[in-house]
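Numbered per my numbering, the sequence shown spans residues 131 to 227.
Hints in this document: simulated from the structure, not taken from any laboratory.
Do not take every clue at face value.
[As the list claims (entries may be wrong)] In silico PhoX-like cross-links for lysine-lysine, where the CA-CA straight-line distance does not exceed 25 Å: (1) 180 <-> 140; (2) 169 <-> 204; (3) 210 <-> 180.
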Amino acid sequence: MAKKNTNKSKVYFSDKYVCKFISEEWLTSKDTSARKYGKIYGVNYHVIEKIQQENGYNIPLSTLSTICFNHGIKLSDFFKLVEKKYGEFLNDSYEYK
131 MAKKNTNKSK VYFSDKYVCK FISEEWLTSK DTSARKYGKI YGVNYHVIEK IQQENGYNIP
191 LSTLSTICFN HGIKLSDFFK LVEKKYGEFL NDSYEYK
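With these hints in hand, go ahead and build the complete structure from the sequences.
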């Protein structure tokens, strides 16, 4: 039986680039705190902090839907934007970090 690596976790590329898009395109003001962004997008500030991490996080679809709703964009349009910007990196793969 293979030994499970307990020190590292899987980082799915799809999650990483969804979070990266939100960070780079929507969370751009250095003057706005995670708490303020949380209120703007209807999520807890901890979610904003996780999104801003280097590798993002495993963002639930319900959370992404809430963020998109509060940004005024449909989920389908959001995914089109992410694919347009990061399409060459998006696949079902993951890496251990």
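Quick one: which hint numbers does this structure break? Sort them smallest to largest. none
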